[in-house]
Amino acid sequence: MTYSTESLERATVEAMQRFSKRYIISFIVLSAFVVAGIVAYINQLQNGLYETGMRDRITWGLYIVMFVFFIGASMGGTFVSAALRLADMGWRAPISRGAEYITVSALFTASLFIFADMGHPERAINILLFGRWESPLVWDVYGLNTYIAGSMVYLYLAVLPDLALVRDRVGHQLDPIRRLFVIMFSASWTGHPKQVKALDTSLKVMTVVIVPVAVMMHTVTSWIFGMTLREPWDSPMFGIYFVVGAVYSGVGLIVVFMYVMRRMNHMEAFLTERHFLNMGKLLAGAGGVMIFFQISDLVTAGFKLKGDSAFNLYQLADGAMAPIFWTYIWVGLMIPLALMLLPWTRTIWGVLIASVLANVGMMLERYFIVIGGLRLPLNPYHAPSYMPTLTELTIVLGLCSLFILILMIMMKLAPAISVQEMIETGEIEAVQHDARRAASTDGPEGAVA
Amino acid sequence: MIHSFTALLSRSQQLLGALAIVIALAGVMGWSSIASAQQPVPSVNLGFEPSALPGETIAVSAYLTDPLGNPIYDAEIEFHYDVEFMNVTDSVEIGTAVTNETGLALLTWQPRSDGENHIVASFAGNDVFAEASDTQILEVLPGEQLYRELPPYRIPGANMWLTSGLITTVWLIFIFSLALVGWANLKTRNEPHTSNTEAKGGSADA
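Same order as they appear, the protein sequences are chains U and E.
Position in the first sequence (from 1) plus 2 gives the number in the numbering used here.
Position in the second sequence (from 1) plus 92 gives the number in the numbering used here.
For the record, the hints were derived by calculation from the structure and aren't laboratory data.
Hints should not be assumed to be uniformly reliable.
Taking lysine-lysine and the DSSO-like style, the derived pairs with C-alpha atoms no more than 30 Å apart in a straight line are [as the list claims (entries may be wrong)]:
(1) U:Lys23 with E:Lys279
(2) U:Lys283 with U:Lys23
(3) E:Lys279 with U:Lys196
(4) U:Lys199 with E:Lys279
(5) U:Lys199 with U:Lys414
(6) U:Lys308 with U:Lys206
Covered stretches of chain U (in silico footprint by chain E; criterion: 3 or more residues with CB under 8 Å from a CB of chain E, positions within the stretch not fixed) [said to hold, decoys possible]:
(7) 153–165
(8) 182–191
None of the values given here were measured: they were computed from a predicted structure.
All residues carry an ideal CB built from backbone N, CA and C; glycine is no exception.
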């Protein structure tokens, strides 16, 4: 196994060109789910939101839960790619492209969840025409659009040299659609020093801008809840809470993507155990902060049991939301942290399991925040209940499948590992060192384990 | 078949049969109402000051007595008032109170909006007594409203222009970043050079 620039370029370009049987089957199955989601959505459009489990008192359901989840997923991408670039951490190099893909795909999917939640999606334009600037919903719309645009610019700038690489190396071998895409978007990049300097400047500027934009986006999303007069959401900590939760689930999602990409594209040489363990440390750090926030939130509210917050705490502790809440605490927070703290579970598999559990946990957390908050009766009624319908579940399945499909398509349009960053950061030598160390401890097979 | 069967019966037999069915049905259907009618209907007497101001705390009382005027002890009385909101009139619970040994259920309440408030005290009934209720009108006089709009809290300089200026700046930075690379690409596309990958890639073959 060689760890040269040449071998990296060859591996990434070959991965782009290869359509394995597993890839094609996955693509067909996911496309079928997307079609099922479209059919369910047409049914919902025809019959109205009555097709969902949402009613006059639980007005936000699974769609908004998933919207918040995917906005969070996008944060992980920005954090790993841009924040680690700012901190000049070279090990991010083979991960950052996947992180950027996840950001764009997650933001696109999140915005579609908003449309799924609307009874009259054709009225979406009204928020731009008649929306009040005082409303956090309007801030969210502008924030989301800015974040999507920024993430796409950032991704494009980062991928530009690699697109040119594909154009120069195998452009003539690609199918006409991808050839056109690569030629069109690689523009006239030749790798000239002036071009490299301009790209470097642009990327630095975008890196500085995109991190606060991402933090702003998550804070504004939290304000949609935090600025509504509902006791369970009435916390000034909500913004920080959402940002850290977003990093937690986003990092987890990137680990899952890394693992799949490593297996599917045979990238074991460039995505080593060290990268997974570093991501595991980030996951554990974010998870630890989440536990700290959770304890701080519950202890202060629970000690006072003031007004409607008592209702919320009771429903979380042993009420209707208790199974979801305790699964989140144990499965979503404690077990992933334990997996990362114990030396014998600090492996690729350990990080992968912790990441999957972190994402399950964060999805549950979004659920009890959104639904639990709305269950609080503002008049002397019984607390309402909510159960997603088959229509809702099918649309959610369709959109989640679309998220993965977009990632799969992106992986075939441009290299999934940034060759340029691997060279710039010296990570190409670092993976070579990883391989030598693995070979010296585990024998020759260790290099690709 | 049915026709031949009815033909076998005389007219008086048919009439007697029909009468028997009617009596049986009336017996079954009427049993419950007859049974409930046997429960004595108590009396609820609702009382409060005839008028109040919005936000003023008033005592709302209800006496629950049996038909002979004896107080009914330890019975739950629910107090409601009718509210109209967006053309829908519905009943909103004020609260519940339990009668004492004098049959009195008492609670305090702050009416929220001026106008005629229809207050209802209702007893849901139990094993001994049937349900009963009483309605009275409380005149809430115009006055200072319970809910007041506070003057807006303003952060100096924070307004629509600042927000839109901030968003526009961010978008301009995006455009600038793209334009910078695009301009460099255009300017140097025909210049000869060593590719960046070749220049930096090195020969790290293991």
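We went through each hint and held it up to the structure:
1. With a CA separation close to 44 Å, the supplied pair lysine 23 of chain U and lysine 279 of chain E exceeds the 30 Å bound.
2. For the proposed pair lysine 283 of chain U and lysine 23 of chain U, the alpha carbon gap of about 34 Å is over 30 Å, so the pair is violated.
3. Taking the CA atoms of lysine 279 of chain E and lysine 196 of chain U, the gap is near 9 Å; set against the 30 Å cutoff, the hint holds.
4. For the suggested pair lysine 199 of chain U and lysine 279 of chain E, the alpha carbons sit about 13 Å apart, so the restraint of at most 30 Å is met.
5. Taken as a hint, the lysine 199 of chain U and lysine 414 of chain U pair is honoured in the structure, with Cα atoms around 28 Å apart against an allowance of 30 Å.
6. With a C-alpha separation of about 48 Å, the suggested pairing of lysine 308 of chain U with lysine 206 of chain U is violated against the 30 Å cut-off.
7. Beta-carbon proximity to chain E at under 8 Å applies to 5 residues in the segment 153–165 of chain U; the threshold of 3 is reached and the given coverage holds.
8. As drawn, the segment 182–191 of chain U meets chain E at 3 residues by the rule of a beta-carbon pair under 8 Å; at three or more, the given contact holds.
Hint violations for this structure: numbers 1, 2, 6, all remaining hints satisfied.
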